[in-house]
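Respectively, the protein sequence lines represent chains L and X.
Be aware that the first sequence starts at 1, since it is given in the working numbering, and climbs by one per residue.
Be aware that the second sequence starts at 1, since it is given in the working numbering, and climbs by one per residue.
Watch out, some of these pointers could steer you wrong.
To give an idea of the chain X side of the interface with chain L (calculated C-beta under 7 Å), a few residues [stated by the list, open to error]:
no., residue
1, 36
2, 38
3, 43
4, 44
5, 62
6, 70
7, 117
8, 119
9, 120
Derived from the structure by calculation, the hints contain no laboratory data.
A quick note: this is a predicted structure, and the numbers were derived from the prediction, not measured.
The beta-carbon is built from N, C-alpha and C at its ideal position, and this holds for glycine as well.
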Amino acid sequence: MTEPDLDQTQPLDAVPEPPVRIDAYGITDTGKVRQQNEDQFAVGRMTRSLELTHTSLGTVSSLDRLGKTAADIYIVADGVGGVAGGQLASGIAVEALTEYLAQTAGCFYHTDIALEHELLERLEQAAQHAHERVRAFSPKGQGPATTLTMVTLLWPRAYIVHIGDSRGYYLRGERLRQFTRDQTMGELLVDEGVVTEQQARDSGLDNVLASAVGADINPSIGLLDLQYDDTVLLCSDGLTKHVSDEEISAFLQEGQDAASTCRRLVDAALEGGGTDNITVVVARMGRPASPSSD
Amino acid sequence: MIQKKICMVGVYGTGKTSLVQQFVHAKFSERYHSTVGVKIDRKPVTVDGTDVNLLLWDLEGRDGVQDIQTSYLRGASGIIYVADGTRLETFEQILELRVVAKKAIGDVPSVCAVNKVDLTEEWKISDAQIEGLDAPTWHSLKTSAKTGAGVEEAFHWLAATMIGGAEA
Numbered sequence: 001m002t003e004p005d006l007d008q009t010q011p012l013d014a015v016p017e018p019p020v021r022i023d024a025y026g027i028t029d030t031g032k033v034r035q036q037n038e039d040q041f042a043v044g045r046m047t048r049s050l051e052l053t054h055t056s057l058g059t060v061s062s063l064d065r066l067g068k069t070a071a072d073i074y075i076v077a078d079g080v081g082g083v084a085g086g087q088l089a090s091g092i093a094v095e096a097l098t099e100y101l102a103q104t105a106g107c108f109y110h111t112d113i114a115l116e117h118e119l120l121e122r123l124e125q126a127a128q129h130a131h132e133r134v135r136a137f138s139p140k141g142q143g144p145a146t147t148l149t150m151v152t153l154l155w156p157r158a159y160i161v162h163i164g165d166s167r168g169y170y171l172r173g174e175r176l177r178q179f180t181r182d183q184t185m186g187e188l189l190v191d192e193g194v195v196t197e198q199q200a201r202d203s204g205l206d207n208v209l210a211s212a213v214g215a216d217i218n219p220s221i222g223l224l225d226l227q228y229d230d231t232v233l234l235c236s237d238g239l240t241k242h243v244s245d246e247e248i249s250a251f252l253q254e255g256q257d258a259a260s261t262c263r264r265l266v267d268a269a270l271e272g273g274g275t276d277n278i279t280v281v282v283a284r285m286g287r288p289a290s291p292s293s294d
Numbered sequence: 001m002i003q004k005k006i007c008m009v010g011v012y013g014t015g016k017t018s019l020v021q022q023f024v025h026a027k028f029s030e031r032y033h034s035t036v037g038v039k040i041d042r043k044p045v046t047v048d049g050t051d052v053n054l055l056l057w058d059l060e061g062r063d064g065v066q067d068i069q070t071s072y073l074r075g076a077s078g079i080i081y082v083a084d085g086t087r088l089e090t091f092e093q094i095l096e097l098r099v100v101a102k103k104a105i106g107d108v109p110s111v112c113a114v115n116k117v118d119l120t121e122e123w124k125i126s127d128a129q130i131e132g133l134d135a136p137t138w139h140s141l142k143t144s145a146k147t148g149a150g151v152e153e154a155f156h157w158l159a160a161t162m163i164g165g166a167e168a
């Protein structure tokens, strides 16, 4: 066996671009009424830990995959249960979730069909892990709690974990669609025919969570195949209390970058009253740049 | 435990989500919500002494057959095609959907659930039409997500056929 000649080591190209160019950003704002911000968000990218800089291998194309992005992660959490409690719950939940995802990063390195359900299970377990961490502060379930809406994107597939009433939308062309369903007592009782939609709104049941991290948890799991030029939006109810779906759609269609779009949405919620904390995460799915344009 | 992926397929408003809700949670709601993307539920069942975890992929119903996203079908061990018995065209579309799905993932065990059988006065599909679809890996039956009629049978027949056991 021949030892590799050190002089012949070859520098590797930069980590290859992912097959989609994502522009993602998040903003949170306390609003005009609340004293503290109980919302949290996270925008992140999981990558492989091994990046070869030099190697004796003649061809490195087979190793390209080692440097590819494993997953993009977007999270929004809206804490409830008193100022300190709510902030604590949403903070712990997002921290625990990201920690768990980082520890189990291996399952994001592939999108093999046979292992897709393992990935879905891991995502659900991550939410469960966050739940247990928050629950530790109130073993009887009477303490702080939080909503949790998370998108894990392995292009083009977006895996969705949803608990509570922080929403997820996507814009395709001119059509805005909500891909989460609010888990509130109002929704639940309207579904069961116990109250009408109007009664649910008037009674305030629409603001009572039927599922929350740290309380009773009933994660909704789903997925969605995205396309180039789609825009994903996650938000706390501080946005949707003041900005209608039609207005959200119009802001997203303006085509500004993710940071500007986030700012526009938050400003609109503030102009509308800003009665709650406002958090938005926007991710735009751009086409990868062609080699000639670099 | 064995895991099997089942896809719920059909055009919009046929009752795919309601069938899953009835099977998994024994619940029915008159309120209509369109599914966006795919909603995933699980249900463990026992078929002839074998424990099987059914992974139920409830696919968004589209307007037409050509709109079905076949990428969601990959890895499915079984399909439940859902038609609305009060809309004849949804039954006819099942046959077209079957061709599309077969091309995408091959011939997997399938059920054709002609749903909303509780709406007897508006029913548009004859028993002969429904039975005419039957084949070794294809079972057709009338279901009602509202009353639960035929729901257990639909899922259990599919589970049994997928794992190669006797028909439930």
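Quick rundown of the hints versus the structure:
1. 36: Status holds, d = 4 Å.
2. 38: holds (5 Å)
3. 43: violated (13 Å)
4. 44: Constraint on residue 44 of chain X not satisfied, violated at 14 Å.
5. 62: violated (13 Å)
6. 70: violated (10 Å)
7. 117: Result: violated, 21 Å to nearest chain L Cβ.
8. 119: violated (17 Å)
9. 120: violated (21 Å)
Of the numbered hints listed earlier, those contradicted by the structure are 3, 4, 5, 6, 7, 8 and 9.
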